[in-house]
Structure formats: C-alpha cells, structure tokens
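Undergrad: Let the sequences and hints guide you as you build the complete structure.
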Amino acid sequence: MRIFFYKSILVFVLFILAIHFSFGVIKKQVKNEYINLISKEKVEYIKDKIREELRIGIEKEILINAEDAELLNNYIIKLKTELEKNKNK
Amino acid sequence: MINKRKNSQYIFLSLTYLIIVIAVLSTFRDLGIHIEEKFHRMNGLYWLNYIAQIFNFEKISLITEIKMKEISDYTLSSVQRYNKYGVIFDVPLALIEIIFNVEKIENVYHIKHFFSFIIFLISSFFFYKILITRFNNFFLCLAGTILFITSPRIFGDSFLYKDVLFLSFFNIALYFLLKLSDNLSLKDIFYFSIFSAIAFNLRIFGVFLPITFFLIIIIKSFSNKNIYYYSKFYSFYLLSLICLIIIFSPYLWSSPLTNFLDIFLSLRKDLIDPNIKILFNNEFINNRNVPETYLLTWIFISTPIITLILFLLGYVFYFKRFIKRFINIEKKQIYMDFWRGRNEQKDFIIFLILTSFYLSLLVFNSPFYNGWRLVYFLNIFIIYFSIYQVNNFIILYKKNNLKKKIILFFITASVVHNIICLVSYHPYQSYYFSEIISDLKKNSFEGDYHGISGKDFFLKLISDNKGKKMSVAIASHTPLHRSLESINFDLRKNFEVVGQEYKNADFIYKNNISEVNSNLNKKYNIPNNFVKIYELDVNGIKIYEIFQKIK
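Heads up: the protein sequence lines correspond to chains U and F, in order. With the first letter of the first sequence counted as 1, position 70 gets the number 70 in the numbering used here; the numbers rise by one all the way through. Each number in the numbering used here corresponds to the 1-based position in the second sequence with 1000 added.
Derived by calculation from the structure, the hints in this document are not laboratory data. Owing to the predicted nature of the structure, the values given are computational and were not obtained by experimental measurement. Mixed in with the good hints, there may be bad ones.
[Stated by the list, open to error] Result set (DSSO-like, lysine-lysine): computed pairs, CA atoms no more than 30 angstroms apart in a straight line:
no.: 1; chain 1: F; residue 1: Lys1532; chain 2: U; residue 2: Lys49
no.: 2; chain 1: U; residue 1: Lys7; chain 2: F; residue 2: Lys1320
no.: 3; chain 1: U; residue 1: Lys42; chain 2: F; residue 2: Lys1442
no.: 4; chain 1: U; residue 1: Lys7; chain 2: F; residue 2: Lys1232
no.: 5; chain 1: F; residue 1: Lys1441; chain 2: U; residue 2: Lys40
no.: 6; chain 1: U; residue 1: Lys27; chain 2: F; residue 2: Lys1441
no.: 7; chain 1: F; residue 1: Lys1542; chain 2: U; residue 2: Lys42
no.: 8; chain 1: U; residue 1: Lys42; chain 2: U; residue 2: Lys27
no.: 9; chain 1: U; residue 1: Lys7; chain 2: F; residue 2: Lys1332
no.: 10; chain 1: F; residue 1: Lys1129; chain 2: F; residue 2: Lys1006
no.: 11; chain 1: U; residue 1: Lys31; chain 2: F; residue 2: Lys1441
no.: 12; chain 1: U; residue 1: Lys60; chain 2: F; residue 2: Lys1522
[Claimed, not checked] Just so you have them, the derived chain U footprint on chain F, three or more residues with Cβ under 8 angstroms:
no.: 13; stretch: 1140-1146
no.: 14; stretch: 1354-1368
[Claimed, not checked] Negatives, chain F to chain U, calculated, CB over 10 angstroms:
no.: 15; residue: Ile1011
no.: 16; residue: Ile1054
no.: 17; residue: Ser1181
no.: 18; residue: Lys1331
For each residue, glycine too, the CB sits at the ideal point set by N, CA and C.
TA: What follows is the structure, encoded as structure tokens:
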C-alpha cells in the first residue's frame, strides 16, 4: 500500500509535468503568437505604418518607374475594356 | 550555564529588534502610498459597516457610511464587485481609524504601514524559532533572521500590507506546522488552524498548508500504523480551520458554501484585465500567458547574489538527498521513508512546500504581474535553504577553522550588503535589483508598479514651484491622483491631475509602467512641446521622470 501510494504520486506528477512541458508549453507559445498578431495595438501599428508609407510615397517625385507605369496602365486599360464588354451584354 | 547563555542570546536578539524598530520608526513616513491603498481602506470600511450592521453597532455603521461616501475615485474598483479580498488587516485598521478618530488621511496610511511592518517583524521572530529549532546555532539563526527581515524587496513591501502580510502569516503557520510534525498537540493544532485560516483569508495559496499537513500525516501514519490517532487530530484541525475561515471572512457569512466555492470560481474572472501587458525583459507580454521562466528570472534578478547562490546550493544538496531517500524506500522500514530525524523532517516539509508550489504554478499557468510579489512568501524557503547550506558548510569544515571563518564571513557580508541596500534604496527598497544586473537590464523590467514615487513627485514640484497651481498629466498606467493623499491637504490643492490630457498639462509624470505595448501604442509618448527637467534614479533604476511644457 505504502509503496503503491508513493509510486502513484510519482507517476501522476511525472505525467502532469510531461504534458505541461510538451503540449502545455507549445500551446502557450501559439496562444502568445496569436494574441500578439490580433492585438488592437498591432492593428493600429500596421495602420500607422501604411499611413506613413503612403505619406513617404506622396513626397517622392517619381512614385513608380516607367516600366511599372506602362504595365499598370496596360492592365487598367485591359480591365476597363473587359468591364465595358460585360456592361454591354 | 546553558540558561545564562540562552538569556544573553535573547537579550542580543531583543536589542537587534529594538534597533530595527527605532530605525523604522524614524524613516517609515518617507514611504509614499501605493495605488491600492485606497481600495483597501474602502474594503476595511465596507466590511466593518457590514459587521456593524449585523451586530447593531449603529454609531460605527454611521461613521463608516460617512467615510465611504468621502472616498471618491472614478478609477477605484468597486468593493461590492471585488468583495472576496481578505479583510483580516483592513477591518481592524478601519476600526482603529474610527476609534482613534484619525482625521488626516496620510496618517491613516502611515498607521497601516507601521502595523503591517510590526506584523512582519513578529513573524520574523517565528522564523528565528524555526531556524533555531532546526540548526541550533545562535549566530547562524540570527544571521538568517536578519537576512529574512532585510531582503530588500521583502523589507520594502512589508509596509504595504499586501504580499508580505501573507508571507508573515504563512510563516507563523509554517512554524506551527513544523512544531506539529515533531509533536501533535491540540493547542498547536488550534494555533496552526488560526494562522492557516488567516493565510487563506489573505491569499488562496494558503490552501497549501492543510494539504502539506495532510501529506505529512499520511507519511507518518504509514510508519506508525496508527491511522486513527492521526486522523483524529487532522479532523479537529480541518473542523477548526473551516470554522475560522468562515469567522475571518464576512463574505462567507451569508452563504458559506456557495460563497466559498465562488472564491475559487472567480479566481480568473476577478483578476486584472486579461488584455493588460507587462514589461518583462524589454518585451511587453500578456499577463495571463507569462513565459515559463518569468518567476525564476524575477527571483534571480531581485535576490541578493550571495543569498541566491547559497539557496541554490542548499536546494540542490537537499534534492540529491531526497532522491536518495526515495530510491531507498523499502517494504520493511526501520526509519521514516523520507527523513532520518526531526531536523531532516523539517527540511523535507520545507522542500515539499517549495517544490510542489512552484510546480503547481507552472502547471496551472498562473497569471503574474509586478515581478514575483504575489509569491514573496517563497523568500521564507529561499532564506531557509541558504542557512541550511551554510550549516552544511559548517559541518563539512568542522575541523578546518579557516574555511569555517570564510563561510561565516560570507554570511556576515550578505547581512551587511542587505543593510547597505536598505539604506541606499530608501524608500524604494521594493524595487531592488541584484548588483550583477546592468542598469539597462534593470530598466527593461517593471519599475515603480506600486506608484509610491507619486509622493516624491508632488513634493518635488511643490519645492520647485512654491505656491503655484499646477496641472499634471500622467504618461503611465499609474493612477497618480491617488498619491495626492500621501501629502498634506493644503498642498493637494495646488494640483490638478488631468490624466493623459497632455495639452492641458504644465508637467508630465512618467514611469515605465504601461498596460499597453508602448513600442506600438503611442498613448504614453511625451509630446514634442515638453522637455525633461528631472529624473529620479535609484542605483540605476529609473523610478520616474518629470517633463515640463515649453512656454
């Protein structure tokens, strides 16, 4: 009885600790990552960052290079044509 | 001869206590008030009013109602909502406030600080008794007791009747537990149940006391085969403990069982906001999901280095012995399973509580904030194992006088170091950091979380701007306006606290306490039209800063 009692306690404690240091710790890390990702502060930070980048962009003399401008222009024209086509149907 | 020696030891001990009391009496008024004192005053008055109404003490009931109406603070948590806090200190002190008609609010807090320290000091005497019955070496036990009292963070918090108050009662209960492990008597069981009930009233961690007592009784009954004898004592303990828990907690009076269960059920619900961030190692982390290393890191960085090394050596030494005893448990036993004598039995109990408590904290993912203050009672075990290790060294170097003297030198140096720290950190001992930590590192952890620097801040502004009316903003999560109660009523009128309305402020108070990630959230950023005019720095720890508006 005595030996059984001690062994049961030891097995129980080791089992709990094994669960904690494997599954428990991983769960905690994932939870922390998730909380940080969706936190209001993080969202506000990203919004601020976008605003700042836009502001910097406006201040630049040339926003996009000629090659990209041409590509974007062609893309918009193509998109516009297709939209017009759909509208006429 | 032995009696004469004992008398002179008690005289020496009394003198030590007298010096401590004199030193504290002359300095304790320097301490500011911490941010939760207002709540605790309210808590005391609320429950005193409740008791007065039950027992028909009309005058007390009336006075408490008037006093409660006078306490107005929009940031203060409602006592009706947070009604499960212990009242064992708050109610008697509310009664003292009324009986002695203490009118000046700053004096109410000073009285509370002093009583809180006196309880801590009384508890330290019980710690001395724990040590002397275990080690039987006056110098060693005196050094241990002084280390216990002068551990900087513990000493600083001992005035603030929160975590160290629990430490004090837990320590007294532990003394009776150790006494009972030697010899069971109804008188000691009753004392043990009183202090266990008080400890439980203050912090739910007190539940470890009956559990440990139960385990000790089981282990003992295995060897003595006298389960009836032990269960008789334990039943008496449990019964008196339950009665006393109910007596000490008016919250349980109306519906003992439901409200008792509610204490456990509301554990997570009543904690501080789950979205609150805490500064830990230069990162803002969620208080409900602290890293595994949180507690150990805090203990390592805020415990004096000699004490820490001695504790680690002592703990490892005992752990090895425990494993050896565990492996050698046999069916036929001559000795007890985990100890060979009364002294070792005490070591086992201390080891059992410390280890099981620490592992429970890890497994239950306990929320933490403000360093390790919630578990300051672990300092009892830290000092115990430090003294245990010094005792091991003394036994080991019994025949080597030089080595013995070196060990005694280290323990004396540790005591002297603590005393020097208490002086140099005064009155901010609760923010002590180990000397091995760089200043940069010290400031990457929470600093003045109690907000006790508020008093110094207001007095500094008054001395620099005599007679002027000032608007003060706060770039911190600290409810600074509560600190106004730590200064004279006439001086309070000079200030208007405007929260985070920086544009309306003449001065800004800033410390490194923030409930948001201040690297991402700019709510506590100082506006460009303010300039830093003062910084209070204590041994490299930035306590607070003052910014003034540029005219």
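Undergrad: Next step is simple, just say for each hint if it's right about the structure.
TA: Verification of the supplied hints:
| no. | hint | verdict |
| --- | --- | --- |
| 1 | Lys1532/F x Lys49/U | holds (28 angstroms) |
| 2 | Lys7/U x Lys1320/F | holds (18 angstroms) |
| 3 | Lys42/U x Lys1442/F | holds (26 angstroms) |
| 4 | Lys7/U x Lys1232/F | holds (26 angstroms) |
| 5 | Lys1441/F x Lys40/U | holds (28 angstroms) |
| 6 | Lys27/U x Lys1441/F | holds (28 angstroms) |
| 7 | Lys1542/F x Lys42/U | holds (27 angstroms) |
| 8 | Lys42/U x Lys27/U | holds (21 angstroms) |
| 9 | Lys7/U x Lys1332/F | holds (16 angstroms) |
| 10 | Lys1129/F x Lys1006/F | holds (13 angstroms) |
| 11 | Lys31/U x Lys1441/F | holds (26 angstroms) |
| 12 | Lys60/U x Lys1522/F | holds (27 angstroms) |
| 13 | 1140-1146 | violated (count 0) |
| 14 | 1354-1368 | holds (count 4) |
| 15 | Ile1011 | holds (47 angstroms) |
| 16 | Ile1054 | holds (44 angstroms) |
| 17 | Ser1181 | holds (18 angstroms) |
| 18 | Lys1331 | violated (7 angstroms) |
Consistency with the previously given hints fails for numbers 13, 18, ordered from lowest to highest.
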